[in-house]
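Undergrad: For reference, the chains in residue letters:
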Amino acid sequence: MQREITVRVDGTARPLTVDTRTTLLDALRERLGITSPKKGCDHGQCGACTVLSGGRRVLSCLTLAVTQDGAEVVTAEGLAPGAAGAGQQLEGGLHPVQRAFVDCDALQCGYCTPGQVVSAVGALDEFAAGWPSAVTEGPGAPGLDRAEVAERMSGNLCRCAAYVNIVTAVLRAATSLPAGPTAGKEVDG
Amino acid sequence: MKPFDYLAPADAAEAVRSVAANPDAVFLGGGTNLVDHLKLGVAEPGLVVGLAGLLPSGIEELDDGALRIGAGVSNSDLAADPRVRERFPVLSQALLSGASGQLRNMATVGGNPLQRTRCVYFQDVTTPCNKREPGSGCSAIGGWTRHHAVLGASEHCIAVHPSDMAVAMAALDARVRTLGPAGERAIPFVELHRLPGDAPERDTALEHGELITAIDLPAQPIARRSAYHKVRDRASYAFALVSVAAAIEVEGGVIRDARIAFGGVAHAPWRARRAEEALRGAPASDGSYRAAADAELTDARPAEGLDGGNAFKIPLLRRTLTATLRDLAGEDPR
Amino acid sequence: MTFPSEPEAVGRDLPRRDGAVKVLGTATYAYETPLANAAYLHAVQATIARGRVTALDTAAAEALDGVVAVLTPGNAERLASTEDRELAVLQGEEVAFRGQVVALVVADSSEVARHGAALVRVEYAQQPHDAELRADREDLYAPESVNPDLPTDTSEGDVDAALAAAEVSVEETYTTAMYHNNPLEPHATAALWDPAGEGFLTLWDSTQGVHPTRTALASVFGLDEAQLRVVCPYVGGGFGSKGQPHVNVVLAAMAARAVPGRPVRLALTRQQMFSLTGYRTPTIQRCRLGADRDGTITAIAVDVVELTSRIKEFAEQSGVPARMMYASPNRSTTHRLAALDVPVPSWMRAPGECPGMFGPEVAMDELAERLGLDPVELRIRNEPAVEPGSGKPFSSRNLVGCLREGAVRFGWAERDPRPGVRRRGDWLVGTGVAASTYPVSRMPKSTATIRREGERYAVEIGAADLGTGTWTTLAQIAADALGVTVALVDVRIGDTDYPMASVAGGSSGMTTWGSAVVEAAGAFRAKYGSEPPDGAEASGSVQPADDRHAMHAFGAQFAEAHVHLDTGEVRVPRLLGVFAAGRIINPRTARSQFIGGMTMGLSMALHEQSVLDPRTGHVVNHDLAGYHITANADVGAIEAYWLAEDDPHVNAMGSKGIGEIGIVGTAAAVSNAVWHACGVRVRDLPITLDKVLHALEERPRH
Ligand SMILES: Cc1cc2nc3c(=O)[nH]c(=O)nc-3n(C[C@H](O)[C@H](O)[C@H](O)COP(=O)(O)OP(=O)(O)OC[C@H]3O[C@@H](n4cnc5c(N)ncnc54)[C@H](O)[C@@H]3O)c2cc1C
Ligand code: SF4
Ligand code: FES
Ligand code: FES
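Chains as they are written, first to last, in my numbering: chain X, 1 to 189; chain H, 1001 to 1334; chain E, 2001 to 2702.
Please note that a few of the clues may not be correct.
Beyond 12 Å from chain E on every Cβ pair, some chain H residues (computed) [stated by the list, open to error]:
{"#": "1", "residue": "D1024"}
{"#": "2", "residue": "P1082"}
{"#": "3", "residue": "D1233"}
{"#": "4", "residue": "R1273"}
Chain H regions said to be covered by chain X (calculated; three or more residues, Cβ under 8 Å) [to be verified]:
{"#": "5", "stretch": "1001-1012"}
{"#": "6", "stretch": "1321-1328"}
With the C-beta cut set under 7 Å, the calculated list includes, among others, these residues of chain H facing chain X [unchecked claim]:
{"#": "7", "residue": "G1031"}
{"#": "8", "residue": "T1032"}
{"#": "9", "residue": "V1035"}
{"#": "10", "residue": "D1036"}
{"#": "11", "residue": "A1080"}
{"#": "12", "residue": "R1085"}
{"#": "13", "residue": "E1086"}
{"#": "14", "residue": "L1096"}
{"#": "15", "residue": "N1105"}
{"#": "16", "residue": "M1106"}
{"#": "17", "residue": "S1236"}
{"#": "18", "residue": "Y1237"}
{"#": "19", "residue": "A1311"}
{"#": "20", "residue": "P1315"}
Hint data in this document are derived by calculation from the structure and do not stem from the laboratory.
We put the beta carbon where it would ideally sit given N, CA and C, even for glycine.
Could you put the whole structure together from the sequences, leaning on the hints where they help?
TA: The following block contains the structure:
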């Protein structure tokens, strides 16, 4: 059954016709050609499809597109200030989280990466709002350390296993402090 | 995925009417379980009724000090609520130990307790399963039982309920408020979930078309000294092998009162009343905690299966309960 | 060929060239190729493990609005070659494993294709199947050779006599689980058949090698290679599973030929990947070590039992690393297979070495324990002077250097060898070590072309970047080989329109393609000198490798493990690896390769296990919630270092290949650390809490 909906994606209103069965992920990838959100599992088990909807990080593979009529959706492609939407971003700037991912080599094959980046942006907002995580001790506001970042980013699997660098990148983006070394070390042997 | 119609009703009453009138209709909360099941073919509804915007999405403080949590509240908002963190740490911890940040943002308080089992055979429509297809048999028995029940199972189904939040709710004497075709009612949370018996296809005591509108958490000082301990195969983003929700009141080295529930071990969150009983008046010591666990676990039966089955859950649960109570007793709540 | 001994670009810490498009998500992976009016495919899979399809009713599917076609064994085109039975899809009624593709739906949308697939009714004549691997099976057989073409068995001296005479010995059985590669990007192919002329097939496929895929597909369809183009600029991980084409490629090509002129897209679901895209066989490893009191090894024997599928043999070479790691006058290794009604196993990161360095490296720890000798020292004491077996000199062998350097960095010297005596809060703490190794290989064929384009230089080769850094590192190699700055070099890879490149596998990518680039640059410079005109062009091909030397990379891995006193949960807060892998082309991307491999090794140690239910022949935990791979919170500190190693024999760049060694030995180091923490030898992976709980039950808590 088909429905007409309009979703704002990366700042642009995108009217489209979807099957009631279509997920937000498939609507973006297969109807609109916006392939920045990736499909790794299609069942909420990997995080590759993470987008912001209404400012919060969510999984687009478990979101039915029909429920997103009028929603404001942001993908990795549209994160950077001034990003104009699909395909127009190549030369443009990167969001600080994206910059940090590149600088810290927090990626390899790149397939989980847009989801990681969006998830990190959402996680940093949640952190700023004082939300606790499973590793937060006590009732107060959490401190941002490697364990907090790792826990909050655990909904994004990376098979290439860039985790160590992802945590460094998120911390760097969050604190703008010089973080751990990103290049390995050659040693005398 | 079978085609279905989608309805976004104007209010909760219309949602209830639409689902009640159609045996083929389901509610859609955050969708994190239902959409998964639509894709797997585990759920094949003809009509999906969206709940977004229809359910209370705030946490209200009632006159008697209880918290009324709207069924539309997201799992992450509930976990972060300062009142919940302070008065019911076990609930906040249970929520935060579940799923992932993205999923908690989507999942609703109404949908979470109604998520269905993660039994791998239930989720695979090419294998027999009494819960999915009554009478077809239970593939889990004699199969991969690592994540299956040791308490309250039946020869028809040995699945466990996967929710963490529900375990805390069961320990906290929460009440579920619903709106059904016959009107409103309130059900003790511990009566929401059923044991499988000979009808494993029925997870809960809800009628078709009955909508969870809120969950009430009664005020209880004991809950301030409470914790959730989840043991799993990965440090995060994994379902419980076993979990313990516990609250205790200790005075002068003696346990005055306790609330305990187990997760990952039964078809329902398992309120451990025998353990609670054994603890009341007992000294706050490992010996008492172990005895309490043993009292609750006398009827525990492992499910044999591939890779050694799940017999390890029995000592694991005893040890996890002991550790949780030891930590709580040794901790000053204020 | 000439390569500067003091390179400028090689060795520099340059950021990935594809970083920006990857963080934005605009890098295009196979399924995402913009193609107008594409049709979508969904496969129907067998629900029995052995038997025949007796009836296939596609009427309901065909009646669906939007279904374009349903391909079945009854109507699918006959393939030109069915020699590779894994690829011979829809060619007959026989079912050889559960999950085999029995039909394919082509539809206007992915939703309709999936729905159509669910509507296809299949009836079977089921036969009893056999899907259980046990070491005591009567039907185990010796394959003719093991992957890639190594001897199945080896024997030197008299192992039994040496073991009988040994002052100290270890004789234990170790097992590794069945593992699925699970790259995050599912296997996916888009295809377009242009029937004009002879016909032309374009495949946008997620592959570790566009040319090998083209060769395989040309043979399967009986096409001339000139009629086929395979494109793959980015690969969302492969870890071996995209090293050879799987059935998705054939299905997409078939469907494209069934709807000429219309592009098609196929992505396997995560669940389908567990039966259709290869996996690592479980292994049962009987390991025997004998030694003198002083720790000199006198016997090494490793007997491996594995599975393969009945329709296509893959013999993982798990016994092979024991052939060359340590000196011993007496040694034997064997491989035996059970051919079962199971999906086809294949390459997974470091085939052979990865599982094959689990049993022996835990056995070494057990031997050290029995000898009362430090496990680092035991390994150093058994360094061979030349490669055991072949007697060839090593081109370079720095295992000892790695062990020593790692020991210093890790703080090994202060280690108390007694197990189960360190406690931090509620956790028991232990440390462990294991060695790593991986052969240096170079594929026989690969060609690169270098062209001057204005002020710039274009390097073209059909290579792949799986996240390994090829886009960046080939530019570095070309810059040095040409004597120009790296910023002037453009790299073009991932397309059969570029010169032929070998598969990205066996850590041979950089050594092979890099060698071709160096050759091309040499030819280019010889032809044009230092002032090449616009349009100047030259090609070069990889030359045969030196066969006078034994060439291997080595490493040492150190792990710290914590075991929870109450629950038995195992955590690994620290891993440290030191590697000797020749010259490192780019330290930034290299470090990612090492830590990525080590993390995958951690994942193997603690989490991964495909659970094959022998009653159905089905992997029941066939998704990413059931098949756990390490998540972010499981990872603590992971440090990777490397020794400066100057090896003139391996290739012009002096590089050894680093994609796989990081996963080798990690699981053994973790198991050894778990033993040191809590006193339990976990010889069966993964190391889950239930395997240590019994020991905690017996242990007084305080
Ligand atoms: C990969 C993964 C990992 C997870 N890990 C965990 C975990 O560790 N711990 C854990 O507890 N959970 C976990 N979850 C499950 C998740 O918490 C649940 O799916 C979620 O809480 C369900 O809430 P929802 O609002 O999305 O429900 P939905 O999917 O919308 O609905 C679930 C069911 O409830 C019904 N329903 C929804 N709302 C109402 C209502 N108000 N009244 C009546 N019926 C209703 C629906 O019809 C449906 O049958 C995980 C999920 C995934 C995908
Ligand atoms: S345990 Fe229950 S849910 Fe699982 S297969 Fe058996 S009947 Fe189905
Ligand atoms: S694709 Fe959505 S979580 Fe994996
Ligand atoms: S970079 Fe490959 S999966 Fe994360």
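Undergrad: It remains to establish, for every hint, whether it holds in the given structure.
TA: Here's how the hints hold up against the structure:
no.	hint	verdict
1	D1024	holds, 16 Å
2	P1082	holds, 25 Å
3	D1233	violated, 6 Å
4	R1273	holds, 23 Å
5	1001-1012	holds (count 6)
6	1321-1328	violated (count 0)
7	G1031	holds, 5 Å
8	T1032	holds, 5 Å
9	V1035	holds, 5 Å
10	D1036	holds, 5 Å
11	A1080	holds, 4 Å
12	R1085	holds, 5 Å
13	E1086	holds, 6 Å
14	L1096	holds, 4 Å
15	N1105	holds, 5 Å
16	M1106	holds, 5 Å
17	S1236	holds, 4 Å
18	Y1237	holds, 5 Å
19	A1311	violated, 28 Å
20	P1315	violated, 24 Å
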